[in-house]
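The chain contents come next:
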Amino acid sequence: MLELKKQIESLLFISGKPLAPKKIAELIGDKVNVKDINKAIDELIKDYDERAGGIKIIKSASQIQMATSGENTEVIRNFIKDETTGELTKPSIETLTIIAYRGPIAKYELERIRGINCSLILRNLILRGLAEEKKDNKKREIYYSVTLDFLKYLGVSRVEDLPDYDRLSKNKDIDKFLAGEI
Amino acid sequence: MLELKKQIESLLFISGKPLAPKKIAELIGDKVNVKDINKAIDELIKDYDERAGGIKIIKSASQIQMATSGENTEVIRNFIKDETTGELTKPSIETLTIIAYRGPIAKYELERIRGINCSLILRNLILRGLAEEKKDNKKREIYYSVTLDFLKYLGVSRVEDLPDYDRLSKNKDIDKFLAGEI
Amino acid sequence: MNINTEQFNGPLDLLVQMIDDDKLDINDVSLGKIADQFVNYIKNNPDINPEEVADFLAVAAKLLLIKSKTLLPYLIREEEEEEIKDFANQLKIYKDFLEASKKIEEILEERKFMYAREFNKKMLTENVVFYPPKNVNKTILRAAFKEIIGRLKIEEKIEENNLEKAVSIEDKMLKIQNLLKKINSLSFNSLLEEQITKIDIIVSFLAMLELMKQRSVIVEQGELFESIQIIKV
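Those protein sequences? They're chains A, B and C, same order as listed. Count the first sequence with the working numbering and you get residues 27 to 208, in order. Count the second sequence with the working numbering and you get residues 27 to 208, in order. Count the third sequence with the working numbering and you get residues 13 to 245, in order.
Pulled out of the complex, with its shape left as it was, chain A reads as follows:
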């Protein structure tokens, strides 16, 4: 295995927490750049998917993390005595679905699709750690994405693995609609 991939793997294992590619680059040092890190991360994710073992590497818009695969939920639940039911209300699921397929998405775009003010629900999803916000200083706009915690609930390594992802995420009609061109 490539040295860089090994180092990332070690870091993900020992930290147990989400790490941003930029942070990983800093920790490895040695003039390694974020682009190389991202490439190595994608290869690692692919390796883990191909092995189809008990561990996965999951990826959100901002971070990556190591987690157990979704197939062994029962054994792990018993071990760590977890009682999460993962129950979410309908409005939360609807909002998270749109953020998952269209993230990073601005609040006004979300509201255009849902036809309803989303301030409160976004605040709630952020508080629960299911969505995260990131400010785009150029566009002076806040963009929302789903978090690693939400992906863990779904048992999915990244949003790209969601059903119909391509159709809903790369849809020209939706792009035009959100840009206000329709």
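Hints are computed from structural coordinates only; laboratory data are not their basis. Among the hints, erroneous ones may be present.
[Claimed, not checked] In the DSSO-like style, the derived pairs of lysine-lysine whose C-alpha atoms are separated by at most 27 Å in a straight line are:
{"#": "1", "chain 1": "C", "residue 1": "Lys-165", "chain 2": "B", "residue 2": "Lys-116"}
{"#": "2", "chain 1": "C", "residue 1": "Lys-134", "chain 2": "B", "residue 2": "Lys-202"}
{"#": "3", "chain 1": "C", "residue 1": "Lys-150", "chain 2": "B", "residue 2": "Lys-116"}
{"#": "4", "chain 1": "B", "residue 1": "Lys-43", "chain 2": "C", "residue 2": "Lys-35"}
{"#": "5", "chain 1": "C", "residue 1": "Lys-107", "chain 2": "B", "residue 2": "Lys-133"}
{"#": "6", "chain 1": "B", "residue 1": "Lys-49", "chain 2": "C", "residue 2": "Lys-124"}
{"#": "7", "chain 1": "B", "residue 1": "Lys-178", "chain 2": "C", "residue 2": "Lys-146"}
{"#": "8", "chain 1": "A", "residue 1": "Lys-49", "chain 2": "A", "residue 2": "Lys-31"}
{"#": "9", "chain 1": "B", "residue 1": "Lys-116", "chain 2": "B", "residue 2": "Lys-43"}
{"#": "10", "chain 1": "B", "residue 1": "Lys-107", "chain 2": "C", "residue 2": "Lys-150"}
{"#": "11", "chain 1": "B", "residue 1": "Lys-116", "chain 2": "C", "residue 2": "Lys-158"}
{"#": "12", "chain 1": "C", "residue 1": "Lys-104", "chain 2": "A", "residue 2": "Lys-196"}
{"#": "13", "chain 1": "B", "residue 1": "Lys-48", "chain 2": "A", "residue 2": "Lys-107"}
{"#": "14", "chain 1": "A", "residue 1": "Lys-65", "chain 2": "B", "residue 2": "Lys-107"}
{"#": "15", "chain 1": "A", "residue 1": "Lys-116", "chain 2": "C", "residue 2": "Lys-114"}
{"#": "16", "chain 1": "B", "residue 1": "Lys-164", "chain 2": "A", "residue 2": "Lys-116"}
{"#": "17", "chain 1": "C", "residue 1": "Lys-146", "chain 2": "A", "residue 2": "Lys-48"}
{"#": "18", "chain 1": "A", "residue 1": "Lys-160", "chain 2": "B", "residue 2": "Lys-116"}
{"#": "19", "chain 1": "B", "residue 1": "Lys-196", "chain 2": "C", "residue 2": "Lys-134"}
{"#": "20", "chain 1": "C", "residue 1": "Lys-133", "chain 2": "B", "residue 2": "Lys-49"}
{"#": "21", "chain 1": "A", "residue 1": "Lys-31", "chain 2": "B", "residue 2": "Lys-43"}
{"#": "22", "chain 1": "A", "residue 1": "Lys-43", "chain 2": "B", "residue 2": "Lys-43"}
{"#": "23", "chain 1": "C", "residue 1": "Lys-133", "chain 2": "A", "residue 2": "Lys-133"}
{"#": "24", "chain 1": "A", "residue 1": "Lys-196", "chain 2": "C", "residue 2": "Lys-115"}
{"#": "25", "chain 1": "A", "residue 1": "Lys-161", "chain 2": "B", "residue 2": "Lys-116"}
{"#": "26", "chain 1": "B", "residue 1": "Lys-164", "chain 2": "A", "residue 2": "Lys-107"}
{"#": "27", "chain 1": "B", "residue 1": "Lys-198", "chain 2": "C", "residue 2": "Lys-114"}
{"#": "28", "chain 1": "B", "residue 1": "Lys-107", "chain 2": "C", "residue 2": "Lys-134"}
Use these hints to put chains B and C onto chain A, whose structure you have.
Frame of chain A, contents of chains B and C only:
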């Protein structure tokens, strides 16, 4: 990968500490016997040796454990140093402040006041020895307080000696806010 | 029609359910048909979340516009034509995501949770450690706590303002009826609050329509875009 191997892999990752094959058999249940577990463990160790990645599985006489491979100690050292030293970010200072003036405080109260999920900040404050957690078995809730070390570092011997403690800790707006009246 | 407030989620969800229940497609004609049903629903459900009333009314206004197009097509201007097309499109896109969210719900129900390792201090350091931050002292803690309290107060004010804004159709109807006890006619504009908001206009308009339907008032308008007069029957 075999189902049994996957389950063992998940368990080794999630526990992070040594597990005895007998314990693993108990956790998996399903009438699996220790002999099968041992066979699966040997196969897993072989897989990991062949991959030669950033994680390995170590076996002692009675237990097995997942750990980082020895070559990456420097990256791990960098990670621990990064987590424990340096200045606190503003969100961390705010969290620590609320714990100091309002502790012992439950995580959900802390998160309501801050409006954001605090898990990662809390683990960092604990890792640095600034805050500590205590489980209240009656309420099935974990409460956070600042450590004695941290109080000493601030030059006080108890939280009540913090500046304006009485006025600030008993602020009615916070009580109302937490009671959901605001 | 039997839709329970718990079962839908915002005005578009309600609308999609109504369209599905009536086995209609999403187009101008069916949206026009459903307008009355939608307005009735809002009127009969005073328990719609006050923060969402505005959004329901905005949709009601669009549906009424579409309905007026089917009745009086020559009155519709080009921009309004665009708005109608835009709305039907929004509804179709919304429906796509609604269907996707049902699949997500199914995935969640399978409970294939993944787990990361819980924080384990011992894995990272064997010794008891204390690493105080240089940028924290008593004064800084006090200042930070004061700032947090200040922020909570601001939030409180914002939420109060939101509630004040919500006006109901019932209140507006009552206001019209009370005014008409004293005088025989009044202009639509006199119903509006000092600070005119889109929502206020929509609510006032819907209240006026409802009173017309109950035959409590008649409405006159000289020419298009001229002021509307509401006259006691």
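Each hint tested on the structure:
Note on Lys-165/C and Lys-116/B: the hinted pairing holds, with a Cα-Cα distance of about 20 Å set against a maximum of 27 Å. About 38 Å separates the Cα atoms of Lys-134/C and Lys-202/B, which puts this hinted pair outside 27 Å; it is violated. For the given pair, Lys-150/C sits about 15 Å from Lys-116/B by alpha-carbon distance, which is consistent with the 27 Å threshold. Pair hint Lys-43/B plus Lys-35/C does not hold up; C-alpha atoms about 59 Å apart against a cutoff of 27 Å.
Restraint check for Lys-107/C and Lys-133/B: not satisfied, since their Cα atoms lie roughly 37 Å apart, outside the 27 Å limit. Using a Cα cut-off of 27 Å, the hinted pair Lys-49/B and Lys-124/C holds, with the two alpha carbons roughly 23 Å apart. Note on Lys-178/B and Lys-146/C: the hinted pairing holds, with a Cα-Cα distance of about 14 Å set against a maximum of 27 Å. For the hint pairing Lys-49/A with Lys-31/A, the CA-to-CA distance comes to about 15 Å; that is within 27 Å, so the pair holds.
For a cut-off of 27 Å, the pair hint linking Lys-116/B to Lys-43/B is broken: about 33 Å separates their Cα positions. A hinted pair counts as satisfied when its Cα atoms are at most 27 Å apart, and Lys-107/B with Lys-150/C qualifies at roughly 25 Å. Distance check on the hinted pair: Lys-116/B and Lys-158/C sit about 14 Å apart at the alpha-carbon level, within 27 Å; holds. Annotation: proposed proximity of Lys-104/C to Lys-196/A holds, straight-line Cα distance about 16 Å (limit 27 Å).
Under the criterion of a C-alpha separation no larger than 27 Å, the hint pairing Lys-48/B with Lys-107/A is consistent with the structure, at around 19 Å. Straight-line distance between C-alpha atoms of Lys-65/A and Lys-107/B comes to about 26 Å, which keeps the hinted pair within the 27 Å bound. Taking the CA atoms of Lys-116/A and Lys-114/C, the gap is about 9 Å. The hint holds against a cut of 27 Å. Annotation: proposed proximity of Lys-164/B to Lys-116/A is violated, straight-line Cα distance about 32 Å (limit 27 Å).
With a CA separation close to 24 Å, the supplied pair Lys-146/C and Lys-48/A stays within the 27 Å bound. Note on Lys-160/A and Lys-116/B: the hinted pairing holds, with a Cα-Cα distance of about 16 Å set against a maximum of 27 Å. Distance check on the hinted pair: Lys-196/B and Lys-134/C sit about 36 Å apart at the alpha-carbon level, beyond 27 Å; violated. Proximity of Lys-133/C to Lys-49/B is assessed by CA-CA distance (about 23 Å); at most 27 Å being required, the pair is judged to hold.
At most 27 Å may separate the alpha-carbon atoms for a hinted pair to count; Lys-31/A and Lys-43/B meet this at roughly 23 Å. Distance hint between Lys-43/A and Lys-43/B is fulfilled; the C-alpha atoms sit about 16 Å from each other, no more than 27 Å. Simply put, Lys-133/C and Lys-133/A have alpha-carbon atoms about 38 Å apart, too far for the 27 Å limit, and the pair is violated. Our distance criterion of 27 Å between C-alpha atoms is met by Lys-196/A and Lys-115/C, whose separation comes to about 18 Å.
Proximity of Lys-161/A to Lys-116/B is assessed by CA-CA distance (about 17 Å); at most 27 Å being required, the pair is judged to hold. A C-alpha spacing of about 17 Å is found between Lys-164/B and Lys-107/A, which places the hinted pair at or below 27 Å, so the restraint holds. For the hint linking Lys-198/B to Lys-114/C, the alpha-carbon distance of about 43 Å lies beyond 27 Å, and the restraint is violated. This hinted pair checks out: Lys-107/B and Lys-134/C have alpha carbons roughly 15 Å apart, not beyond 27 Å.
Hints 2, 4, 5, 9, 16, 19, 23 and 27 from the earlier list are contradicted by this structure; the remaining hints agree with it.
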